[in-house]
Amino acid sequence: MEEFRNPIILSAVALYMILCVGVGIWALRRTKSSHDFFMAGRDLGIMVTAFAVFSTTLSGFGFVGGPGLVYRMGMSSIWMVVIAVLGFSVTNFLHGKRLRLLSELGDSKSLPDVVFLRYNNNTTRVLIAVAIILGVFGYLATQILAMSVVLKDILIETEVFSDISLETSMAISCSILVFYSVTGGIIASVYTDLIQGGVMIVAAILIFLTVMFTFDGGITEMNQVIQADDPAAIGPWGTLGMVGCMSWLLMFGLGGSGQPHVITKLMMNKKVSDARHILPVSILGYLFSGLLWIGIGLVMRALVVSGQHPELASADEAASQFLQHYAHPVLAGIVFAGLFAAIMSTADAFLNIGTAAIMHDIPKAMGKTIKNDLQWARITTVIITLIAAVFALWASNNGDLVALLGAFGWGTFAAAIVPVVTLGFNWRRATAIAANVSVVVSLLINFVAKIGKIQIPYGIDVGALSMVVALILFITISYITKPEKLDPDVDAVMEM
Amino acid sequence: MKTINIIFVTLLFFLAVIIALFIGDPPALVTGQPHPEYKTMLKGGESIHASTSTNALGYLFGLCSTFLLCLFMTLGAHRYGRLGTIKPWLIFGTVLYLGVYTLTYLSDAAYVDQNHQAFFMGWPLPTAWMIYAMWFAPVVFVALYVFGFRDWILTEEDEARFTEILTQRRTRRAD
Numbered sequence: 001m002e003e004f005r006n007p008i009i010l011s012a013v014a015l016y017m018i019l020c021v022g023v024g025i026w027a028l029r030r031t032k033s034s035h036d037f038f039m040a041g042r043d044l045g046i047m048v049t050a051f052a053v054f055s056t057t058l059s060g061f062g063f064v065g066g067p068g069l070v071y072r073m074g075m076s077s078i079w080m081v082v083i084a085v086l087g088f089s090v091t092n093f094l095h096g097k098r099l100r101l102l103s104e105l106g107d108s109k110s111l112p113d114v115v116f117l118r119y120n121n122n123t124t125r126v127l128i129a130v131a132i133i134l135g136v137f138g139y140l141a142t143q144i145l146a147m148s149v150v151l152k153d154i155l156i157e158t159e160v161f162s163d164i165s166l167e168t169s170m171a172i173s174c175s176i177l178v179f180y181s182v183t184g185g186i187i188a189s190v191y192t193d194l195i196q197g198g199v200m201i202v203a204a205i206l207i208f209l210t211v212m213f214t215f216d217g218g219i220t221e222m223n224q225v226i227q228a229d230d231p232a233a234i235g236p237w238g239t240l241g242m243v244g245c246m247s248w249l250l251m252f253g254l255g256g257s258g259q260p261h262v263i264t265k266l267m268m269n270k271k272v273s274d275a276r277h278i279l280p281v282s283i284l285g286y287l288f289s290g291l292l293w294i295g296i297g298l299v300m301r302a303l304v305v306s307g308q309h310p311e312l313a314s315a316d317e318a319a320s321q322f323l324q325h326y327a328h329p330v331l332a333g334i335v336f337a338g339l340f341a342a343i344m345s346t347a348d349a350f351l352n353i354g355t356a357a358i359m360h361d362i363p364k365a366m367g368k369t370i371k372n373d374l375q376w377a378r379i380t381t382v383i384i385t386l387i388a389a390v391f392a393l394w395a396s397n398n399g400d401l402v403a404l405l406g407a408f409g410w411g412t413f414a415a416a417i418v419p420v421v422t423l424g425f426n427w428r429r430a431t432a433i434a435a436n437v438s439v440v441v442s443l444l445i446n447f448v449a450k451i452g453k454i455q456i457p458y459g460i461d462v463g464a465l466s467m468v469v470a471l472i473l474f475i476t477i478s479y480i481t482k483p484e485k486l487d488p489d490v491d492a493v494m495e496m
Numbered sequence: 001m002k003t004i005n006i007i008f009v010t011l012l013f014f015l016a017v018i019i020a021l022f023i024g025d026p027p028a029l030v031t032g033q034p035h036p037e038y039k040t041m042l043k044g045g046e047s048i049h050a051s052t053s054t055n056a057l058g059y060l061f062g063l064c065s066t067f068l069l070c071l072f073m074t075l076g077a078h079r080y081g082r083l084g085t086i087k088p089w090l091i092f093g094t095v096l097y098l099g100v101y102t103l104t105y106l107s108d109a110a111y112v113d114q115n116h117q118a119f120f121m122g123w124p125l126p127t128a129w130m131i132y133a134m135w136f137a138p139v140v141f142v143a144l145y146v147f148g149f150r151d152w153i154l155t156e157e158d159e160a161r162f163t164e165i166l167t168q169r170r171t172r173r174a175d
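Chains as they are written, first to last, in the working numbering: chain A, 1 to 496; chain B, 1 to 175.
These are computed hints drawn from the structure, not numbers from a lab. The structure displayed is predicted, hence computed values, not measured ones. Mixed in with the good hints there might be a few duds.
Quick look at which bits of chain B chain A covers, simulated, 3 or more residues with Cβ under 8 Å [to be verified]:
| hint | segment |
| --- | --- |
| 1 | 11 to 17 |
| 2 | 59 to 66 |
| 3 | 149 to 155 |
Backbone N, C-alpha and C define an ideal beta-carbon position, used for all residues, glycine too.
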């Protein structure tokens, strides 16, 4: 079986890509309007919504970046997994009802649409759309780059594609991404999320079982090996320390409720009462998938420090090295397919919200209505993909701008959106001026800190810090500005 | 006191804790250091427990983070400006979560003091608190949401009222 490892991995990835094309064609038939394209006709069932929520949250980061962080820093990043139960609960308590009801009330196609309904202010709508676009380009470029690099690494092992370039593998990946995003919009995305979620859960459980038997003494021996090298690495805060870890807890727990690619999924379910079933399914899916994150990172650190495996060239190789050397070829194939699934569905989710911001929200704020909006949505999707691909290619040769923007994405969304949406949709006294100031200030803090490469003491996440400052400003300004009269229907829904 | 005001006061206190942390001297290499043998790994630096002031401020930083999460959830649970009968359960869940966080913190202090000896179910004791308790303590909130949805989150009467509002709105728009 070992001699067929690469053909098996390649077949699994090819099978998944064919599946994507199939889902795109199937979703094309169900996408009849821009409402279907952006909001899936607000007709998603419990399982599809729940899987879309957790798999979009996890993305390719859970397969590559997560294990890499554990390998590098020990237990620190596990807080991003441990927070799942509380974080998903926070998101559902705050958005499961009001965001869903308000989006139906306004027949909204995007998050900025609902923001406009709540604040009745076009500046707020545009600022949220701009924050989304800024985050989307960074995230999308990193997803495209990651997808192309992984595809190149797989194809280069074959005779036919042994000299394949990054540009060619990017062209292949983007073609498939564009095909199923353009044809099926968000419907294609959420149904591939369902497949991706299933693959992730199965792969994570099997990987964790493999991890448990890598050392004769199981998890205890693995942890004792890590502890003998560095007790802090296997302590609850890892090497980052307590304050940095707790800032991640806040960032991923509360900041999760400000991720537009995640919370827009809660606007798409058919019945608002489905939220009570979506919550536990999302949590279980994330918990199982988190096993992969934890397991691979820890076992690779233990294998390296015990001298059983050579040091990795980079921390991000933790997953691929484990899969190549310790996992059964079929399992490796499933995980690689899962990795593609994760990257592509997340990229599609970003394409979707980015397209909505450019094609729908900004023109609407300027009083323009676009005719043939479904056709223009598809054209915009292609244009965004092309720009992001060129940007990714350029950045891969010219420094770390994409990585900078990618890391900036989660914090940008959290700091800009949590005050305006998470707090503002649950507090009727919040005003549009407060919303506008908090978005601008949060963007400024994030940009200045990232571009100036400012290190916050104790490893405090800059996104967490800017979110706290933005929240304080938002509440203060709301209190000192004149209360705004809400649309009576919006007021009634916010009361519920 | 209204939940939003408790959130506001907690945020201000949180900012004060952050500023106090910035003003004081952090323990050496508190966010880790390069591993002496493996360049792709980091190794732990001095623990936050090393200094009395950073020890207390670090604990308060974590306490504010966890408390804020619970407070925001409480804000989302309000209906018609009130919490109603879900209130004691939310308080119970919050106290439980903050309690588990405190035990994780105390267990870590003991772990550092006692030369990292105790293990529980495969993990060092404080890590076991994190993995088995902090991960699962918020199940209380999940249970409240899942089983109390129709009593505390969205009653059938509210849903019917929303349908009525929506119908009237659409009729007005059509006119």
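Numbered hints the structure breaks, given as an ascending list: Failing hints: none at all.
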